[in-house]
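Chemist: Residues per chain are reported as follows:
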Amino acid sequence: MSAKKNSSQISKLETGITGFDFVAGGGLPKGRTTLLAGTAGSAKTVFAAEFIAQGIMKAKENGVFITFEESPADICRNMKSLGWDMKGWVDEGKLAFVDASADIGNQPVTAGDWDFGALVARIEHAVNKVNAKRVTMDSLGAIFTQFDDGARVRHELFRVASALKSMDVTSILTAERIHEYGEIARFGVEEFVADNVIILRNALEHEKRRRTLEILKFRGCSHQKGEYPFTILPGTGVVVIPLSAMELQQKSSNIRITSGNVELDKMCGGGFFRDSIILVSGATGNGKTLMATEFIAGGAKNGERCLLLAFEESREQLMRNATGWGFDYEQMEKEGKLKFACEYPETAGLEDHLIKIRSEIEIFKPNRLVVDSLSALERVSSIKGFREFVIGLTSFIKHGEVAGLFTATTPSLMGGTSITETHISTITDSIILLRYVEMYGEMRRGLTVLKMRGSMHDKDIREYTIDGTGMHIGKPFRDITGIISGNPTRIQQGELGRIDELFAEDTREAVTKEAE
Amino acid sequence: MENNISLKLYVTGHTPNSERAVANMKSICENELEGRYELIIIDVLERPQLAEDEKILATPTLIKALPPPLARVIGDLSDIEKVLVGLNMEPIQKSEKKGGSGK
Chain G
1 MSAKKNSSQI SKLETGITGF DFVAGGGLPK GRTTLLAGTA GSAKTVFAAE
51 FIAQGIMKAK ENGVFITFEE SPADICRNMK SLGWDMKGWV DEGKLAFVDA
101 SADIGNQPVT AGDWDFGALV ARIEHAVNKV NAKRVTMDSL GAIFTQFDDG
151 ARVRHELFRV ASALKSMDVT SILTAERIHE YGEIARFGVE EFVADNVIIL
201 RNALEHEKRR RTLEILKFRG CSHQKGEYPF TILPGTGVVV IPLSAMELQQ
251 KSSNIRITSG NVELDKMCGG GFFRDSIILV SGATGNGKTL MATEFIAGGA
301 KNGERCLLLA FEESREQLMR NATGWGFDYE QMEKEGKLKF ACEYPETAGL
351 EDHLIKIRSE IEIFKPNRLV VDSLSALERV SSIKGFREFV IGLTSFIKHG
401 EVAGLFTATT PSLMGGTSIT ETHISTITDS IILLRYVEMY GEMRRGLTVL
451 KMRGSMHDKD IREYTIDGTG MHIGKPFRDI TGIISGNPTR IQQGELGRID
501 ELFAEDTREA VTKEAE
Chain D
1001 MENNISLKLY VTGHTPNSER AVANMKSICE NELEGRYELI IIDVLERPQL
1051 AEDEKILATP TLIKALPPPL ARVIGDLSDI EKVLVGLNME PIQKSEKKGG
1101 SGK
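In order, the protein sequences belong to chains G and D.
Numbering-wise (the working numbering), the first sequence opens with residue 1 and increments by one.
Numbering-wise (the working numbering), the second sequence opens with residue 1001 and increments by one.
Keep in mind the hints are simulated off the structure, nothing from the lab.
Heads up, some of the hints might be wrong.
As the list claims (entries may be wrong) - Derived DEER-like restraints, expressed as beta-carbon distance ranges: (1) E1081/D - G182/G: 41 to 51 Å; (2) L1039/D - L204/G: 50 to 60 Å; (3) L233/G - E1038/D: 46 to 56 Å; (4) Q146/G - S1006/D: 20 to 30 Å; (5) L1066/D - R219/G: 29 to 39 Å; (6) D149/G - P1067/D: 48 to 58 Å.
Please read these numbers as outputs of a predicted model, since none were measured by experiment.
From the three backbone atoms N, C-alpha and C, an ideal C-beta is built for every residue, glycine too.
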């Protein structure tokens, strides 16, 4: 049975769990035992079961599931919802259960010395029966409750672990933890499987649960460090999101696309770049959704496909709004150029939203993506989670050469920045500010292109109006200062003249030169 | 009192624990059960499926299948009192010494 390898390089076994193999640098160390530790409800069993399931489905590697906690029937039933027909696999001889779950009300009496010889024999028997390459043992903590003598159990588990090593199988052992951040596992079980440790967390942050996976150590192998968010999707299983491990390698193009507004295109030096991320920031009712609508209409007019992710308004509301500005969403949708995805942000965690958005993008393959609004998503997550979400989304859409327009709502009516902006402004390529300007007891609107990566742009703050045909950008505010800071003040004409004299040339020309 | 006590003893090959359990079992049968028993010794290394069916984890394990209730005792059966208590058999009329046995 013994198949010890003498090669110095430890090879990895591709688990097939989405995203995990990337984080793990190729998979689990082959032929070794990995401890999977986590608190209650941290998806240990799902992860361990998926390791077996993916082996059978993707790698044609059979598996053995040793259960100390739930009965095999319960496991089969629970995993069915994830799309894994474990019962069927047992019948086909691809999976074998070793049922070591406790019999309630049948606690054995201990009379003398004992060992886990029978368990080892059963595991060996099961491994041989289905010719298993993968073994899962769930969970170690449960076995301590079946026997009184903890020290003996620990010693015997050590035997089981070393038996597994000699069987030439790659195995996952799950163990409970009490605290999200503390000792590795209860009962000191990490002592005998200390080579490889993965920790699953299910931390509560700002009233939201956030699942993360951390590879604590892979002895002798490389892996990504730190916590990676993950989620569990019905029909798919565990999906690890390798955010900070993503490569910053997206191509960038010089191809310009229209913003859907002729004047805005001019201000941006000929339109947005095809694979850029544009952030539109403004107070409520300031025309952000309108700008997004024009962006979509401009794309649809050129035969591009647009995906609209709305987190604040329903499809019907959006259609009514668009009609009010003279755009026909219904026609665009009919032609297959527009797709809506409307949802309340609260319906899922950000990780789930990200995965859903990704699959929408993969199915619809849009040229343009609009998120209205990003601020709505922010309220369902912690700051870190939100930032990771935005990085995950932007890097994904940039790889697909999709232009993204995100809207962000500022908390105050006049000026100021939103938290959304401060967290993602460095990730975006262009930022457009929409601001209210109070003049002579009247609310007017001002727009400026704050940033346009890789291009010169108009630095004026221009007035714009909104009517039944959309947004109309007019002349710059000439004698007003302090618009962006939310404190508009009128400057005397004479003073303005003096400022102009200070700089010999026309300000607009000066701006152009500066950009060059 | 029933005349038939059905006992199954699961062992793993010839490990010291197994050998001791078999010897202890035989002496318990002779001294305490006075021929009213039926004993089957099962080596789980040879017949692992039987261990699977009975969900045997630890060896040696003694199962009393009949008369009901089903009872299990694990260990090398060196503590005779505990074996009898565990099997719900007529306990020997002695004070119950419960030291650190079960090691």
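Chemist: Look at each hint and say if it fits the structure.
Modeler: Status of each hint after checking the structure:
{"no.": "1", "hint": "E1081/D - G182/G: 41 to 51 Å", "in the structure": "42 Å, holds"}
{"no.": "2", "hint": "L1039/D - L204/G: 50 to 60 Å", "in the structure": "56 Å, holds"}
{"no.": "3", "hint": "L233/G - E1038/D: 46 to 56 Å", "in the structure": "55 Å, holds"}
{"no.": "4", "hint": "Q146/G - S1006/D: 20 to 30 Å", "in the structure": "24 Å, holds"}
{"no.": "5", "hint": "L1066/D - R219/G: 29 to 39 Å", "in the structure": "51 Å, violated"}
{"no.": "6", "hint": "D149/G - P1067/D: 48 to 58 Å", "in the structure": "29 Å, violated"}
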